[in-house]
Amino acid sequence: MSEKEFMGHRLMERRLEEELPGEAELFHVLGGRELHLDEVLTRAGGIRRKRQTTRGLVAAAAVVALVAPAGVVLAHRESASGPAPLVQPTTSTSTGPSPTPTVDPSVERPISLAALAGEPVGPPPATGYVDNDVWHDPDGSTTDQSFTPYGMLDAAPIGEDLLIRTGAEQTGDPTAILVHRGSRNTVTHSWPISGGFATSVGGNVVAFAKPDGTPVVVQDGGSQWYTMPKVPAGAEVAAVRGEDCKEQSPGGGGCTVFLNSLGNQPKTWLSTSHGLVDAASAHIRSIAGVSAAGLVAGISEHHADLTTCSEVRGTDDQLVWRTCDNRFESFSPDGSRLLATNGIGDGLGDTQLDVFDARSGDPVVRYRVADGGAITWMRWEDDSHVLAVVFDQGVWGIVRVGLDGHVEVAVPPVKANGDPVNSPFLLPR
Amino acid sequence: MDLTTTTGGHAMAAHKPTVRADDFEAWMTARQRWLLRTAWLLTGDVHTAEDLVQTTLAKLYLAWDRVSAHGVDSYARKILVNEHASMWRRTWRHREVVTDDFTSHEVPVRDEAYDGTRTALWDAVSALAPRQRAVIVLRYYEQLSEAETAEALGISVGTVKSQANRAIATLRERLGDRTDLVGWEEER
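Heads up: the sequence lines are chains P and V, in that order. Under my numbering, the residue at position 107 of the first sequence is numbered 142, and the numbers go up by one with no gaps. Under my numbering, the residue at position 133 of the second sequence is numbered 134, and the numbers go up by one with no gaps.
To be clear, the hints were calculated from the coordinates, so they are not data collected in a lab. These numbers come from a predicted model, not from an experiment. Backbone N, C-alpha and C define an ideal beta-carbon position, used for all residues, glycine too. Among the hints, a few may not be true.
[Stated by the list, open to error] Derived CB-CB ranges, DEER-like:
#: 1; chain 1: P; residue 1: Glu53; chain 2: V; residue 2: Ser163; range: 48 to 54 Å
#: 2; chain 1: P; residue 1: Ala203; chain 2: V; residue 2: Glu26; range: 35 to 41 Å
#: 3; chain 1: V; residue 1: Arg34; chain 2: P; residue 2: Glu53; range: 46 to 52 Å
#: 4; chain 1: V; residue 1: Thr120; chain 2: P; residue 2: His224; range: 28 to 34 Å
#: 5; chain 1: V; residue 1: Gln144; chain 2: P; residue 2: His71; range: 43 to 49 Å
#: 6; chain 1: V; residue 1: Arg34; chain 2: P; residue 2: Glu40; range: 25 to 31 Å
#: 7; chain 1: V; residue 1: Glu26; chain 2: P; residue 2: His338; range: 51 to 57 Å
#: 8; chain 1: V; residue 1: Asp24; chain 2: P; residue 2: Asp439; range: 36 to 42 Å
#: 9; chain 1: P; residue 1: Asp179; chain 2: V; residue 2: Ser75; range: 32 to 38 Å
#: 10; chain 1: P; residue 1: Pro145; chain 2: V; residue 2: Arg32; range: 30 to 36 Å
#: 11; chain 1: V; residue 1: Thr120; chain 2: P; residue 2: Gly153; range: 53 to 59 Å
[Stated by the list, open to error] Pairs of lysine-lysine residues, derived as BS3-like cross-links and limited to a Cα-Cα distance of at most 30 Å, are as follows:
#: 12; chain 1: P; residue 1: Lys265; chain 2: P; residue 2: Lys245
#: 13; chain 1: P; residue 1: Lys245; chain 2: P; residue 2: Lys281
#: 14; chain 1: P; residue 1: Lys302; chain 2: P; residue 2: Lys265
#: 15; chain 1: P; residue 1: Lys450; chain 2: V; residue 2: Lys162
#: 16; chain 1: V; residue 1: Lys162; chain 2: P; residue 2: Lys39
Generate the whole structure from the sequences, applying the supplied hints.
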């Protein structure tokens, strides 16, 4: 750089230092205003709710018949093509440590990525996972959506296909797309979507809701999809019970989609392939999961200070147990356990990972992340293991925690790259 | 139903008290004007700046327990610039612009209440690419070092240097050097 260039450069630096403070003051001159705490807390609540609805509200359920009224309406087949491909369950036999039921539930066990450094890394999540808009199957194959404008906000495998929540190419509107796994640019269908996905316990049905309140179920490995009876617009799917939504199936068929209407007056709904639409619970305001035995778990009270109370209810909406210390996440695939986290919806993410006996409410195992850490996503891998996306000391990773008290890394940590809020990892619904 | 007699159930616990809001509000009262000014320089739009700061403060509130023992200002700044980067990155990806020095810029909105006296320098800064503009704001308004700027933006020190040099070269080209040199010489 010549002396003239150097002087010009330095002068520009000085001008910037002198003039930018004056320009900054224009914010107030132009009518800019200061924010009230209430506005900030409202936005925080919105972020918090968004996080809650973009993670494991997956139900674990088998087919439980609902009484159908006479003259029921069959689920409407919206479109279908091709033969039924293979069905791939979302649950699996873990390759991780085998559980022992002798863990002392009064002991809070640590989850620390730092403490796991140098320890053997376990197998990748049997459920698959998302890393920076790329879907990773357990066998190592990938499905890349990182080249698309909105990437992969949510994912749910179905057979050899993958349902992805993303933004519409032109408008950015929330959209569900169905793609073939292991491929690029093979979108076979797309729908507008409100909220996220829910997957049946066997992985044979994935459900979501359109913005107008119409539930959509995708099954038969992604080759067929049906619309279900409509609920109020804006509702989001919380769970789906049943492995086949075709009413005329030889095995009986039939499924139920559970939905949450959020907002100022939260309400829960169920929509069945028999044609029935009804309130799912008079007491639970936001469903987290449903079990094979007919249990429904979710938030019953949401307070202004972000604390919550949650309940498990059984047949006829009868209270089974409740707590204000935890917020429920989902039932284990066999329905015997209930995954839960902090009762207070506060902080960067949750810090507790607790498992309860689903029917008695007795604690089974308790985990806590290290100071400064957070869990931003958790779901069952199988009946004995939970996968959790963890932030700890500037890195993100996926860990596998067992009901036997054993913790191992499932996906090695990566640096947070200056973003302490948004994880590169997602776990499927 | 008597909750305490529910089979295996848990008695309802009292709500956990929280002092988070009080602590947070004290910090917010003291520091939000600074955040708003920086956001305004980054975005050039009053309402976008307010929205950016609202999201920043909300995320800071959610992370309050984890940052209060450390540098809250630097943490808040990092959230702010990352949130801003996400805003323009989404816009960039949406518009499918493929060059680094794209021409899709946030342009200041002139408020009717404003008397119109705005410096040519500010107009030129406003026309910079978002990342270059962020580097300029952090280096010459926030007075951060190159290392601190790199840390806040999540980029390397080398990138900070190159982006700052390119931005200043662009500003000099747009504003002209002659007057500047006279001023510089006079000051010397």
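Results of checking the hints against the structure:
Separation of Glu53/P from Ser163/V is about 24 Å and departs from the stated range, judged on CB atoms against 48 to 54 Å. In this structure the hint that Ala203/P and Glu26/V lie 35 to 41 Å apart at CB holds, the actual value being about 39 Å. Between Arg34/V and Glu53/P the beta carbons are some 20 Å apart, a value that contradicts the proposed interval 46 to 52 Å. Checked against the hint of 28 to 34 Å, the C-beta distance between Thr120/V and His224/P comes to roughly 53 Å, which is inconsistent with it.
Separation of Gln144/V from His71/P is about 29 Å and departs from the stated range, judged on CB atoms against 43 to 49 Å. Look at Arg34/V against Glu40/P: about 37 Å separates their beta carbons, and that is not inside 25 to 31 Å. A beta carbon spacing of about 19 Å between Glu26/V and His338/P contradicts the range 51 to 57 Å that was offered as a hint. At about 39 Å, the CB distance of Asp24/V to Asp439/P agrees with the hint of 36 to 42 Å.
Between Asp179/P and Ser75/V the beta carbon distance is about 34 Å. The supplied range of 32 to 38 Å therefore holds. Judged by the Cβ atoms, the range 30 to 36 Å given for Pro145/P and Arg32/V holds: they are separated by roughly 34 Å. A C-beta distance of roughly 56 Å is found between Thr120/V and Gly153/P, which places it inside the suggested range of 53 to 59 Å. In summary, the hint linking Lys265/P to Lys245/P is supported, as the alpha carbons are separated by about 9 Å, within the 30 Å threshold.
Only pairs whose Cα atoms come within 30 Å are accepted, and Lys245/P paired with Lys281/P is accepted, the gap being roughly 20 Å. About 15 Å separates the Cα atoms of Lys302/P and Lys265/P, which keeps this hinted pair within 30 Å; it holds. For the hint linking Lys450/P to Lys162/V, the alpha-carbon distance of about 23 Å falls within 30 Å, and the restraint holds. With a C-alpha separation of about 19 Å, the suggested pairing of Lys162/V with Lys39/P holds against the 30 Å cut-off.
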